[in-house]
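K.L.:
Use these hints to put chain F onto chain Y, whose structure you have.
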Amino acid sequence: MLRFIGRRIVTGVGLIATLATLTFFLLQFGSTDTARRIAGQSATEDAVQVVEERLGLDQPVLVRFWDWVVAALHGDFGLSWFSGQDVLEAVTTRMQVTVTLAVGSVFLTAIIAIVLGAYAATRRGWPDRAVQILSVIGQAIPGFLVALVLVLVFAIQLDWFPATGYTKPSDSVPEWLLSITLPVIALTIGSIGGVAQQVRGSMLDAFERDYVRTLRSRGLAHRSVVYKHVLRNAAGPALSILGLQFVILLGGAVIVETLFSIPGLGPLALSSTSNGDIPVVMGIVVITGVIVIIVNTLVDVAQAWVNPKVRLS
Amino acid sequence: MLRTAKFGALVGVAALALAACSSGGTDDSTASSDSSSSATAAEGRAEQLTIGAVVDVSTWSAQDAAWGNTATYMMAVYDTLLRQNADGTIEAGLATDWSYDDSMTVLTLTLRDDVTFTDGSALDADLVVENLTRFQNGASENSGNLSSIDSVTAVDATTVEIALSAPDPALLSYLAQNSGLIEAESAFDSADIQTVPVGSGPYVLDADSSTIGSSYTFTANDDYWDPDSQHYDTIVINYYADANALLNALRDSQVDIANLNSTSQIPDAESAGYTINTQTLNWKGLILADRWGVVDEALADVRVRQAINYALDREGLLAGIESGYGEVTTQIFGTGTTAYEEDLDSYYTYDVDKAKELLTEAGYPDGITITMPLSSFVPESEAQLIAGNLAEAGITVNYETAGESFISDLLGGKWAAFEFGLNQESESWATYKLSVSVDSAWNIYHQSTDELDALADRMRMGGEDGDAAAQEMNEYLVENAWFAPFYRVEGVIVTNDATSVTLKNGQAVSNLWDIVPTA
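Protein chains in written order, with the working numbering: chain Y, 1 to 313; chain F, 314 to 832.
In isolation and in its complexed conformation, chain Y is listed as follows (with noise of 0.2 Å):
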């Protein structure tokens, strides 16, 4: 097991090297009027230049990389080119609020889909086909919409929640909770399809395995077999894509977040790839590619937990 983290380990090094050094040769293609947006559109050329320079931008892209590299591995990201923030806190500051939502989100389809496919799975017939069919509109459907529909509803129609803004839990845990929920919602809607799907698949697969049929030979009850047996061997794949579903949450997280205003890691995304603030996405980038390679990490181990036969190798 150690061994397989370690390896993990020295592999996630690798691809967030490679990570952080193609987005930020390819931030250089769309950052050449960064310091005229700082500047303001009437500046003049001069002060644009004296931006260029405050900014390090008239130095070679080489030397601006290798110096933001020896940066980064003393833990220091930089400030932020426009609003002056620390990368680093600003960074895991929105993560906080981005991660809750899409842990919360999973948490949810978790729930939700394996009741789903566990029902169609077993009950085939009619429930199988309705299930199959929500989870096509379920995917179908764009999340901007799902989250407009469900603030038209139940923000501005029935006043249950806010219609935008976050509430810190250290404010106020019932107000976080409402904050949170419609977003969640949101993010948890278009993501149960492919998990119920995977999870109906998976033990439709068990049934068919000679080991269910011992059991039964044997007298056991079908409740025991479904969820002692089956569910736990279809565990494995729920996981896998659970885990992937974790991490197109934080991508997708970006819309939700921007349509309820919540200061999550989306619209930081979204201001500083289109003003070209160079420093705040490359914490972003770097962050992120860390927090995914340690979720697929934590669900391979999963993985071997729930199945002793998945050996991690």
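Keep in mind that the hints were calculated from the coordinates and are not lab data. The C-beta atom is built at its ideal place from N, Cα and C for all residues, glycine as well. Hints may be right or wrong, so weigh each one.
Stated by the list, open to error - Label pairs and their in silico Cβ distance ranges:
hint	chain 1	residue 1	chain 2	residue 2	range
1	F	704	Y	66	49 to 59 Å
2	F	538	Y	63	41 to 51 Å
3	F	522	Y	298	51 to 61 Å
4	F	542	Y	158	34 to 44 Å
As the list claims (entries may be wrong) - Away from chain Y, derived, C-beta distances all over 12 Å, residues of chain F:
hint	residue
5	360
6	377
7	423
8	457
9	507
10	554
11	563
12	564
13	565
14	648
15	658
16	669
17	705
18	707
19	788
20	792
P.N.:
Showing chain F alone in chain Y's frame:
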């Protein structure tokens, strides 16, 4: 393990469900997100004002501060040397008195002696000198605004003398905006200068309750020298990066006052119960930048530029692009300026035949082709409308997709003509400085004429002759078709029943002290 996970899941669902249920019956549960302007007896101020902003504050450093939509943030935490009232008149700010000498090149300011900053330091003339000098040497718009200043001197603790290289009629306005913001000396070398303002303004930023890029909370400054301008105990500015998010916030009554992103949101805001306050702000149209034919020879001929003006169906464009909200015009000077002439709003009527005739006279009987950029400023549908107008007169627009360096390319002279919207400043001189003067960023090729220079020299001196010169300059620019304005765009500020606002001439946002509780 699965059992444990299931239990955790149930707890999570139950928590969400409880949270949802608890919100169902009462308004209290969403009180923090709902706007609340209920007046409190204490100090005669209302409790809280929640502002919906469409632009985020990019920096808290006074030296680098912008104005426009970010003025609200700055007015909360900083004072300006002078103040500009809603109607454009200059009033006392940190300076109680101000006067020019006879040559209009020395401005003397007398400062208040009872102003303290949030770090406990006091205002004096030396600090004002340091601030203005930093602005001049900085790299923001402040540097350009103060370019006419030769030197700034502290005569005594409360007197500052500003010597100018030439009269600058817009200087007082600039000192009432971002170029007049004064920050404490401790901010100059602070590592947090961009995120922690050290001002003397009516409110203090509560960093713990704020989230950069999302929401900012300000509490009333108890030691403020002008308590009459503090109408609220707390001000919250929520930034909405997305137009739909702002609309949803309005529908859910989460803000007391907000700028709208566009006039198309007016019906939704009205149906949410908000009062609509509008005034014309920017002018939108074509900047016919290449008046000397640097990259497009045809535009050097005034008849070609006039033809473009005649080819535009301004009423149609206003209806098609702005749903009719706005006022058609052919001049760039705002209605509140001394240069404004009502007749110049309709100098060029929609006349395709006249446009063709002018093109033929200019030697282009088969029409011309001009290349213009297509950018985020110009949606495809809008570009097609404009191109359709011009095509009828034989002017083909070749749209070129602008890259990430759009503004730099634009100001660098890549395109001879382009669509843009520029602010209609509250003063004629400021409009001249922004759009016409030879060193203006928007005079793309930095060229002028003897007539314009002579008119500018007269405008500098102000008075009746200065006003007359401003009108003559306006006429000159319209007749010589330096621009092809379509219309003046309406800026919209919406307010709920508990809030009233006095709009500020030529500014996207009102003065903070002009937002008051109605109760």
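K.L.:
All the hints need checking, so say for each whether the structure fits it.
P.N.:
Structure-based check of each hint:
no.	hint	verdict
1	704(F) with 66(Y): 49 to 59 Å	holds (52 Å)
2	538(F) with 63(Y): 41 to 51 Å	holds (49 Å)
3	522(F) with 298(Y): 51 to 61 Å	violated (34 Å)
4	542(F) with 158(Y): 34 to 44 Å	holds (40 Å)
5	360	holds (17 Å)
6	377	violated (8 Å)
7	423	holds (30 Å)
8	457	violated (5 Å)
9	507	violated (2 Å)
10	554	violated (5 Å)
11	563	violated (9 Å)
12	564	violated (5 Å)
13	565	violated (4 Å)
14	648	holds (22 Å)
15	658	holds (25 Å)
16	669	holds (35 Å)
17	705	holds (32 Å)
18	707	holds (33 Å)
19	788	holds (25 Å)
20	792	holds (26 Å)
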